[in-house]
Every structure is written in structure tokens, then in C-alpha cells.
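Chains A and B, in that order, give the protein sequences. All residue numbers for the first sequence refer to the UniProt record's numbering, where the first residue is 1 and numbers rise by one. All residue numbers for the second sequence refer to the UniProt record's numbering, where the first residue is 1 and numbers rise by one.
Simulated from the structure, these hints should not be mistaken for lab results. Predicted, not measured: the structure shown is a model, and the values here were computed from it. Just so it is clear, CB atoms sit at the ideal spot from N, CA and C, and this is done for glycine as well. Watch out, some of these pointers could steer you wrong.
[Said to hold, decoys possible] Heads up, simulated DSS-like pairs for lysine-lysine below, C-alpha to C-alpha not over 27 Å straight-line:
no.: 1; chain 1: B; residue 1: K20; chain 2: B; residue 2: K152
no.: 2; chain 1: A; residue 1: K32; chain 2: B; residue 2: K111
no.: 3; chain 1: B; residue 1: K161; chain 2: B; residue 2: K106
no.: 4; chain 1: A; residue 1: K47; chain 2: B; residue 2: K111
no.: 5; chain 1: A; residue 1: K119; chain 2: B; residue 2: K152
no.: 6; chain 1: B; residue 1: K111; chain 2: B; residue 2: K141
no.: 7; chain 1: A; residue 1: K28; chain 2: B; residue 2: K111
no.: 8; chain 1: B; residue 1: K111; chain 2: B; residue 2: K4
no.: 9; chain 1: B; residue 1: K20; chain 2: B; residue 2: K129
no.: 10; chain 1: A; residue 1: K119; chain 2: A; residue 2: K32
no.: 11; chain 1: B; residue 1: K20; chain 2: B; residue 2: K2
no.: 12; chain 1: B; residue 1: K20; chain 2: A; residue 2: K119
no.: 13; chain 1: A; residue 1: K119; chain 2: A; residue 2: K28
no.: 14; chain 1: A; residue 1: K47; chain 2: B; residue 2: K141
no.: 15; chain 1: B; residue 1: K111; chain 2: B; residue 2: K152
no.: 16; chain 1: B; residue 1: K106; chain 2: A; residue 2: K47
no.: 17; chain 1: B; residue 1: K152; chain 2: B; residue 2: K129
no.: 18; chain 1: B; residue 1: K141; chain 2: B; residue 2: K161
no.: 19; chain 1: B; residue 1: K129; chain 2: B; residue 2: K141
no.: 20; chain 1: B; residue 1: K106; chain 2: B; residue 2: K152
no.: 21; chain 1: B; residue 1: K106; chain 2: A; residue 2: K119
no.: 22; chain 1: B; residue 1: K4; chain 2: B; residue 2: K152
[As the list claims (entries may be wrong)] Restraint ranges, calculated between C-beta atoms of paired labels, are given here:
no.: 23; chain 1: A; residue 1: C30; chain 2: B; residue 2: N195; range: 31 to 37 Å
no.: 24; chain 1: A; residue 1: G80; chain 2: B; residue 2: H31; range: 41 to 47 Å
no.: 25; chain 1: A; residue 1: P72; chain 2: B; residue 2: S43; range: 35 to 41 Å
no.: 26; chain 1: A; residue 1: E68; chain 2: B; residue 2: L182; range: 32 to 38 Å
no.: 27; chain 1: B; residue 1: T14; chain 2: A; residue 2: S112; range: 18 to 24 Å
no.: 28; chain 1: A; residue 1: K32; chain 2: B; residue 2: C176; range: 32 to 38 Å
no.: 29; chain 1: B; residue 1: I196; chain 2: A; residue 2: K32; range: 44 to 50 Å
no.: 30; chain 1: A; residue 1: E75; chain 2: B; residue 2: N42; range: 45 to 51 Å
no.: 31; chain 1: B; residue 1: D93; chain 2: A; residue 2: P46; range: 33 to 39 Å
no.: 32; chain 1: B; residue 1: N42; chain 2: A; residue 2: G80; range: 43 to 49 Å
no.: 33; chain 1: B; residue 1: D93; chain 2: A; residue 2: D83; range: 42 to 48 Å
no.: 34; chain 1: A; residue 1: Q102; chain 2: B; residue 2: H31; range: 30 to 36 Å
no.: 35; chain 1: A; residue 1: E35; chain 2: B; residue 2: L182; range: 37 to 43 Å
no.: 36; chain 1: B; residue 1: H31; chain 2: A; residue 2: L62; range: 28 to 34 Å
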Amino acid sequence: MRLLTHNMLASNVRGATTGYPLTLEVTKWCTKEVELNADFIRGLLPKIDWRALVAATRALGLPELLPEDQPPEEEIFAEGAADVEGSAIRRIHHALLEVHVQEGSLVCPDTSRCFPINKGIPNMMLHEDEV
Amino acid sequence: MKLKQLEGLLGGLTQFPDPKVELEQYPTGPHIASRMPYTAENSFDDITGKVVADFGCGCGTLAVASALLDAERVLGIDIDPQSLELAQENAADLELDIDLVWSDMKNLNLKGIHVDTVVMNPPFGARRKGADMEFLSMGLKVASQAVYSLHKTSTREHIMKAALRGCNPCSAEVLCELRYDLPQTYKFHKKKEVNIAVDLWRFVPNAQQQQLACYAPSGPGDGTAT
Numbered sequence: 001m002r003l004l005t006h007n008m009l010a011s012n013v014r015g016a017t018t019g020y021p022l023t024l025e026v027t028k029w030c031t032k033e034v035e036l037n038a039d040f041i042r043g044l045l046p047k048i049d050w051r052a053l054v055a056a057t058r059a060l061g062l063p064e065l066l067p068e069d070q071p072p073e074e075e076i077f078a079e080g081a082a083d084v085e086g087s088a089i090r091r092i093h094h095a096l097l098e099v100h101v102q103e104g105s106l107v108c109p110d111t112s113r114c115f116p117i118n119k120g121i122p123n124m125m126l127h128e129d130e131v
Numbered sequence: 001m002k003l004k005q006l007e008g009l010l011g012g013l014t015q016f017p018d019p020k021v022e023l024e025q026y027p028t029g030p031h032i033a034s035r036m037p038y039t040a041e042n043s044f045d046d047i048t049g050k051v052v053a054d055f056g057c058g059c060g061t062l063a064v065a066s067a068l069l070d071a072e073r074v075l076g077i078d079i080d081p082q083s084l085e086l087a088q089e090n091a092a093d094l095e096l097d098i099d100l101v102w103s104d105m106k107n108l109n110l111k112g113i114h115v116d117t118v119v120m121n122p123p124f125g126a127r128r129k130g131a132d133m134e135f136l137s138m139g140l141k142v143a144s145q146a147v148y149s150l151h152k153t154s155t156r157e158h159i160m161k162a163a164l165r166g167c168n169p170c171s172a173e174v175l176c177e178l179r180y181d182l183p184q185t186y187k188f189h190k191k192k193e194v195n196i197a198v199d200l201w202r203f204v205p206n207a208q209q210q211q212l213a214c215y216a217p218s219g220p221g222d223g224t225a226t
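Hey, can you work out the whole structure from these sequences and the hints?
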């Protein structure tokens with residue numbers, strides 16, 4: 001599960017108000033390199049919940065990867081930024097698309113219901129009495 | 001990528017080894033599976049560079065097809081964990097990365113509008129009435145651009161009515177009629193193989209504020225049961 005997927009998943013368990021963002025708990029993760037597409041990031045970024053993304057990177061033990069507040073777009077999409085090691089756009093790209101959570105769980109912030117992640121696939125299934 | 005090439009690659013995917021009738025698991029054959037995303041891309045620019053979700057992805061055929069057409073991200077969602085594992089393997093075999101979520105459609109809670117395009121071969125609702133509309137309504141909630149879906153041609157009018165009533169799309173259009181070559185999947189299937197006529201639909205969600213337009217192409221089979 002990429003953090004992009006984490007960014008859009010919410011819990012629908014009975015009793016949850018927003019069910020978002022899910023608290024990420026990670027026991028195993030890896031990274032896989034993906035080519036950076038600045039236009040794609042540009043289109044995606046306004047839809048991203050920055051706080052949820054930052055919280056997810058912290059859960060991975062990467063407190064330095066993203067700053068608390070989203071950097072201004074001029075900085076992120078500055079010309080040539082994509083080619084600079086450690087630039088904001090590369091960090092965002094890395095966080096959203098290159099990190100894969102393989103084992104862990106997603107915890108509903110309202111009800112503490114735990115959704116396990118096995119082999120990279122989050123299990124969002126609910127029992128009948130939870131709907 | 002050329003259509004023939006896409007169809008060829010999809011033909012090599014592993015399909016359900018043990019299909020579950022209650023979920024209406026039917027393999028999406030390479031003919032149909034290649035044409036849906038191919039049309040979506042070539043006629044509407046809805047795949048390449050986009051976030052695509054495959055609802056009820058099964059073994060991931062449409063998800064893989066979208067990834068092969070350079071969707072920037074592909075998300076597959078299914079209720080059946082064995083299918084998801086297969087989808088993962090199918091994607092890995094072609095060195096593609098797709099994200100998978102184990103969930104049913106009615107309890108899926110996707111926040112925001114990250115998904116551009118939804119592709120799906122939903123259950124036709126033969127086993128559980130209304131399953132098709134559940135998929136469609138969720139698709140239209142999640143997609144910002146379009147929802148592509150397959151429905152039996154014989155139910156075209158019903159789909160149009162039910163979609164307009166229940167899902168309030170901006171537009172609902174049958175793009176073309178396709179042949180669903182259905183191999184004998186379950187014991188209750190008497191024939192070895194049947195051809196079912198299915199419609200490839202394109203629904204546009206309402207958020208785009210386009211003019212309400214609902215039409216189906218003219219031509220043989222239009223609006224009539226086959």
C-alpha cells in the first residue's frame with residue numbers, strides 16, 4: 001500500500017464520524033523507485049491531505065522527509081527542482097509513490113477499529129454488525 | 001501501445017482458478033478488457049497519466065490494462081482476497097505496480113477526489129440484485145473524470161433509468177456494443193461457451209457541471225433487448 005492510497009482511505013465502521021485520517025502502524029515497509037512525473041504531482045497535490053501524509057511518514061520513522069506545513073507551490077515546482085536531490089518535489093514524490101507499506105495496520109481515529117495490512121493489501125472489510 | 005499488443009498481454013494473465021458464483025466472478029476476457037481502457041484513452045484521454053481505480057478488480061485484468069496504458073497510478077478494489085493476490089501476481093509478472101485494497105463496494109470509504117477514472121466489469125446483479133448499481137453509484141462518487149462500465153445490452157434501458165435515478169450522472173452514454181465470450185464457468189452453465197452482448201458505458205460524474213446529456217448511439221440493437 002502506497003501512502004497515496006493511505007491518503008484517500010477512510011474507515012466506514014459504525015460509530016466513525018469522519019474515519020479519517022487512519023492512523024498508520026507499520027511493521028514492514030520498503031521502497032520501489034518510480035519515475036518522477038512533475039505534472040502528475042502538480043495535479044495531485046491539491047487533492048492531498050498534507051497532514052495525513054506527514055503523519056504517515058512519521059509513522060514510518062521518517063520525521064525529516066516532509067515538513068509540518070506544505071511548502072509553497074512555487075518552491076515545489078520551481079524549474080529544475082525535480083532534478084535536485086532532496087528537493088521538495090522529490091520528497092513528496094518519494095512519500096506518495098515510492099514507499100510501500102507491506103505489513104502493519106490502519107487504525108480508525110474515531111473507534112480504534114484496526115484494519116490490518118497484509119502483503120501490502122489493507123483489509124477494509126467490515127463485519128455485518130459493524131456497518 | 002497498440003490494441004493488439006495490449007490484448008495479447010492481457011491474454012497471458014492468470015484468471016480465477018476457483019470462481020465464486022455468489023460474487024459473479026467471470027473472467028474479463030482479453031478482447032473486452034483491452035477495448036475498455038483503450039477506448040477510454042484514445043477517445044477521451046482518461047487513462048494515461050491518470051489515477052485509475054478498478055472496482056471489483058478480480059484478478060486485476062482491467063487494472064493491469066490501465067497500467068499498461070501508462071495510467072500513473074492504479075488502484076484495484078475487490079471483496080475477494082484470493083483474487084487480490086492473483087491481481088498482485090499478474091501485475092508483478094508484467095513488472096507493473098498496482099495498489100490493492102480489500103473491501104466491498106458498499107462499505108468503501110474513499111475520501112477526496114484522488115481518482116480520475118473508474119473502470120469496472122461489475123457483477124450484473126444476477127445473483128444479488130442491485131449489485132451493479134452499487135458499483136456504479138460508488139464509481140460516480142469517487143471518479144472526477146469518468147466511469148467506464150460493462151452491462152448486458154439486454155438491460156440497456158434499465159441501466160439508463162436506474163443510473164439516472166440513483167446516481168445522478170452528468171451524462172450516460174453507450175460507447176459500443178461488445179461480445180462477452182463467456183466460457184463455461186459454473187456447473188449451471190449448460191453450454192460450453194456463450195456470447196453475451198454487453199455495452200461499454202461511459203458515465204460522467206456530476207461534479208464536472210457539464211450539460212446534462214443522455215443518449216445512446218443509434219444503430220442495430222439500440223435500446224432493444226437482444
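Here's how the hints hold up against the structure:
Restraint check for K20 of chain B and K152 of chain B: satisfied, since their Cα atoms lie roughly 20 Å apart, inside the 27 Å limit. With a C-alpha separation of about 25 Å, the suggested pairing of K32 of chain A with K111 of chain B holds against the 27 Å cut-off. Of the pairs offered as hints, the one joining K161 of chain B and K106 of chain B holds, with about 21 Å between alpha carbons and a cut-off of 27 Å not exceeded. At roughly 10 Å between alpha-carbon atoms, K47 of chain A and K111 of chain B fall within 27 Å of each other, so this suggested pair holds.
Between K119 of chain A and K152 of chain B the CA atoms are separated by roughly 35 Å; this puts the pair beyond 27 Å, and the hint is violated. Between K111 of chain B and K141 of chain B the CA atoms are separated by roughly 10 Å; this keeps the pair inside 27 Å, and the hint holds. Distance hint between K28 of chain A and K111 of chain B is fulfilled; the C-alpha atoms sit about 25 Å from each other, no more than 27 Å. Restraint check for K111 of chain B and K4 of chain B: not satisfied, since their Cα atoms lie roughly 36 Å apart, outside the 27 Å limit.
Taken as a hint, the K20 of chain B and K129 of chain B pair is honoured in the structure, with Cα atoms around 16 Å apart against an allowance of 27 Å. With a C-alpha separation of about 15 Å, the suggested pairing of K119 of chain A with K32 of chain A holds against the 27 Å cut-off. Simply put, K20 of chain B and K2 of chain B have alpha-carbon atoms about 33 Å apart, too far for the 27 Å limit, and the pair is violated. Between K20 of chain B and K119 of chain A the CA atoms are separated by roughly 22 Å; this keeps the pair inside 27 Å, and the hint holds.
Our distance criterion of 27 Å between C-alpha atoms is met by K119 of chain A and K28 of chain A, whose separation comes to about 9 Å. For the given pair, K47 of chain A sits about 15 Å from K141 of chain B by alpha-carbon distance, which is consistent with the 27 Å threshold. Restraint check for K111 of chain B and K152 of chain B: the C-alpha separation of about 30 Å exceeds 27 Å, so the hint is violated. For the hint linking K106 of chain B to K47 of chain A, the alpha-carbon distance of about 23 Å falls within 27 Å, and the restraint holds.
Straight-line distance between C-alpha atoms of K152 of chain B and K129 of chain B comes to about 14 Å, which keeps the hinted pair within the 27 Å bound. Distance check on the hinted pair: K141 of chain B and K161 of chain B sit about 18 Å apart at the alpha-carbon level, within 27 Å; holds. Our distance criterion of 27 Å between C-alpha atoms is met by K129 of chain B and K141 of chain B, whose separation comes to about 20 Å. Restraint check: the Cα-Cα separation between K106 of chain B and K152 of chain B comes to about 22 Å, which is no more than 27 Å; the hinted pair holds.
Restraint check: the Cα-Cα separation between K106 of chain B and K119 of chain A comes to about 24 Å, which is no more than 27 Å; the hinted pair holds. Between the alpha carbons of K4 of chain B and K152 of chain B the distance comes to roughly 24 Å, so the proposed pair stays at or under 27 Å and holds. A beta carbon spacing of about 44 Å between C30 of chain A and N195 of chain B contradicts the range 31 to 37 Å that was offered as a hint. Evaluation of the 41 to 47 Å hint for G80 of chain A and H31 of chain B yields a pass: the beta carbon distance comes to about 45 Å.
Separation of P72 of chain A from S43 of chain B is about 37 Å and conforms to the stated range, judged on CB atoms against 35 to 41 Å. Between E68 of chain A and L182 of chain B the beta carbon distance is about 54 Å. The supplied range of 32 to 38 Å is therefore violated. Between T14 of chain B and S112 of chain A the C-beta distance comes to about 38 Å, which lies outside the given range of 18 to 24 Å. Separation of K32 of chain A from C176 of chain B is about 37 Å and conforms to the stated range, judged on CB atoms against 32 to 38 Å.
Remark: the range hint 44 to 50 Å for I196 of chain B to K32 of chain A is contradicted by a beta-carbon distance near 39 Å. Here the CB-CB span from E75 of chain A to N42 of chain B is close to 37 Å, at odds with the stated 45 to 51 Å. At roughly 35 Å, the beta carbons of D93 of chain B and P46 of chain A sit within the given window of 33 to 39 Å. Taken as a hint, the range 43 to 49 Å is violated for the pair N42 of chain B and G80 of chain A, whose Cβ atoms sit roughly 33 Å apart.
Between D93 of chain B and D83 of chain A the beta carbon distance is about 33 Å. The supplied range of 42 to 48 Å is therefore violated. For Q102 of chain A and H31 of chain B, the Cβ-Cβ distance of about 35 Å falls inside the hinted range of 30 to 36 Å, so the restraint holds. For the pair E35 of chain A and L182 of chain B, the beta carbons lie near 38 Å from each other, so the given range of 37 to 43 Å is met. Here the CB-CB span from H31 of chain B to L62 of chain A is close to 45 Å, at odds with the stated 28 to 34 Å.
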